[in-house]
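Sequences listed follow chains A and B, in order.
Residue numbers for the first sequence follow my numbering, so the first one is 1 and each next one is one higher.
Residue numbers for the second sequence follow my numbering, so the first one is 264 and each next one is one higher.
Derived from the structure by calculation, the hints contain no laboratory data.
None of these values were measured; they are calculated from a predicted model.
Misleading hints may appear alongside valid ones.
As the list claims (entries may be wrong) - Stretch-level coverage of chain B by chain A, calculated; a stretch enters the list once three of its residues show a Cβ under 8 Å from a Cβ in chain A:
id, region
1, 388–397
2, 412–420
Said to hold, decoys possible - Covered stretches of chain A (in silico footprint by chain B; criterion: 3 or more residues with CB under 8 Å from a CB of chain B, positions within the stretch not fixed):
id, region
3, 7–19
4, 94–101
What the hints assert, rightly or not - Residues from chain A shown here face chain B by an in silico Cβ test under 10 Å; the list is partial:
id, residue
5, 1
6, 74
7, 78
Just so you know, even glycine gets a beta-carbon here, dropped at the ideal spot from N, CA and C.
Chain residues, written in single-letter form:
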Amino acid sequence: MLTLSSISVAFAGRTILHNVDFTLAQGSFCGLIGSNGSGKTTLLRTILGLVKPDRGTVDTGGHEIGYVPQKIQLDPFMPLRARDVVALGLDGNRFGLPLPSAARRRTVDAMLTAVDATGFADRRVGDLSGGQQQRIMIAHALVRRPKLLLLDEPLANLDLRSVAEVVSLLHTLSFEQRITVLLSAHDMNPLLPVMDRIVYLANGSSVSGTVGEVVRGAVLSRLYGYHIDVIRVHGRVLVVAAGGEDGLDADIACEPVHVTQIR
Amino acid sequence: MFSGFMINTWIAASIVAATAGLVGFFVVVRGASFAAHALPLSIFPGAAAAAWLGINEIGGLVAFAALGVIGIDALSRRGRPEVATALTLVMLLGLGTLFLSRTTTYAQEVYGLLFGQVLGIGAADITPIALVSAAAAGAVLLLFRPLLLSAVSRDLAQARGAAPARTDLAFLVILAMASAVALPVVGALLVFSLMVGPAAAARNLTDRAGLAIALSVAISLLTVWAAIALSYLTNWPVGFFVGFFGALAYGLGRGALHLRRARRAMA
């Protein structure tokens with residue numbers, strides 16, 4: 001479904017990604033986990049073909065890709081309804097005026113139903129809450145029925161309840177329509193119940209596998225290049241760097257990298 | 264008011280106002296107000312250049328419109344668009360000062376180009392105004408969806424294959440065409456108020472893009488018609504009325520949006 005082979009990307013002499021490899025089977029739900037600046041956005045844009053890798057290949061099997069970019073700020077003064085944004089996902093690159101068509105309307109309505117957005121479909125999109133806007137963005141990305149969906153930090157800046165709702169919606173869509181989901185996040189915690197694969201990025205390199213294979217002290221220590229402890233406390237997992245060594249990222253040295261709930 | 268030379272005024276002003284209302288919708292939703300302000304002012308020295316070189320005035324305006332588009336587009340690729348726009352404006356205005364100092368153009372004509380000369384439109388001006396306006400309007404309708412999608416988000420447009428950089432350039436060309444023909448009619452300073460005021464009001468009155476465009480065109484036409492009529496009756500400058508009605512429409516639009524949101528919050 002999706003195979004990346006030894007992808008390397010550098011900008012202005014700085015290595016962003018180095019020999020990133022992984023494969024996703026159809027219908028899998030994969031978290032792309034890493035701290036800010038670890039190259040998650042670059043990796044997603046490389047898969048989309050918006051960034052040309054210096055080395056390596058991306059094979060999407062010719063499938064169409066749906067994409068939800070990070071941090072979309074919708075202008076509250078933009079005179080567009082939520083359903084109009086979904087319709088732009090269908091044919092927003094086409095020339096000419098969109099002529100009213102029953103088929104077009106049915107497709108958009110079906111997508112609005114699938115993301116449970118019928119209740120606010122006719123409201124101005126900039127007036128919606130963050131969670132509602134994220135649903136509309138997902139509908140925009142999926143309205144052409146792609147088999148691969150990439151989402152860049154879709155859970156950032158959402159309240160806890162919206163996070164749970166968006167995760168559960170994505171899981172349902174992935175399960176029912178056999179969509180492969182690759183979702184980036186700096187916090188893997190909300191994804192653990194639904195994620196069957198994980199790609200962990202640090203220092204431009206990656207490890208991938210199941211959560212049980214990847215989120216382990218020995219594996220992450222090798223990835224980060226210094227000692228990492230994965231601590232289980234009260235059914236949660238803390239991923240903590242030992243700290244104090246030369247060249248350590250201050251954030252990682254001082255703080256838990258991730259707080260993770262193990263099921 | 265509707266006889267003789269005034270007929271040309273009504274026709275030319277109506278064409279210019281309708282085009283400004285249409286193009287202005289995208290100026291407002293794409294956040295391109297600064298470009299809409301800078302382009303007419305950058306184009307205006309084209310008339311001075313034409314006078315100095317002894318060529319047709321519209322030719323000079325179009326040449327400077329092209330220079331403005333090329334300048335803004337080329338500089339935007341390397342930096343922030345508003346800096347690129349400002350630099351282009353400054354360079355072309357500087358050239359304009361030079362050409363003005365070399366010609367014997369009367370101050371009255373410069374004043375007309377800045378503030379409009381609606382009452383001095385000749386029959387020969389109508390055809391070029393109509394043709395360039397029709398081209399600008401046609402381009403907006405052709406690019407309707409890419410213009411709207413990249414206004415929502417450049418990332419979304421790029422992922423959908425709508426090439427936002429090319430859309431930006433196309434929009435600058437549209438804006439420059441609409442500005443160049445509006446300029447001799449309503450003046451460099453007031454092209455801007457016609458492009459922004461009606462569209463900014465219209466987007467607050469409805470949540471539908473198509474309806475907002477229709478309202479923007481309607482408000483723009485009403486603004487210009489009322490301004491010409493009142494200017495004819497009072498002998499006050501047309502520009503005053505255009506600016507005043509533009510601001511008034513915007514204020515009423517904001518009030519209407521506020522009311523609609525308050526009503527929804529109560530429901």
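Quick rundown of the hints versus the structure:
Only residues whose C-beta sits within less than 8 Å of a C-beta in chain A count toward coverage, and the region 388–397 of chain B has 0 of them, not enough to reach three; the restraint is violated. Given a C-beta distance limit of less than 8 Å, the hint that chain A covers the region 412–420 of chain B holds, as 7 residues qualify and 3 suffice. Given a C-beta distance limit of less than 8 Å, the hint that chain B covers the region 7–19 of chain A is violated, as 0 residues qualify and 3 are needed. Check result for the region 94–101 of chain A against chain B: holds, 5 residues qualifying (beta carbon to beta carbon below 8 Å, three or more required).
Interface hint at residue 1 of chain A: violated, since its Cβ lies 19 Å from the closest Cβ of chain B, which is beyond the 10 Å cut-off. Taking 10 Å as the C-beta contact cut-off toward chain B, the hint placing residue 74 of chain A at the interface holds, the least distance being around 7 Å. Interface hint status for residue 78 of chain A: upheld, as the beta-carbon distance to the closest one in chain B is roughly 6 Å, under 10 Å.
Consistency note: the structure conflicts with the earlier hints numbered 1, 3, 5.
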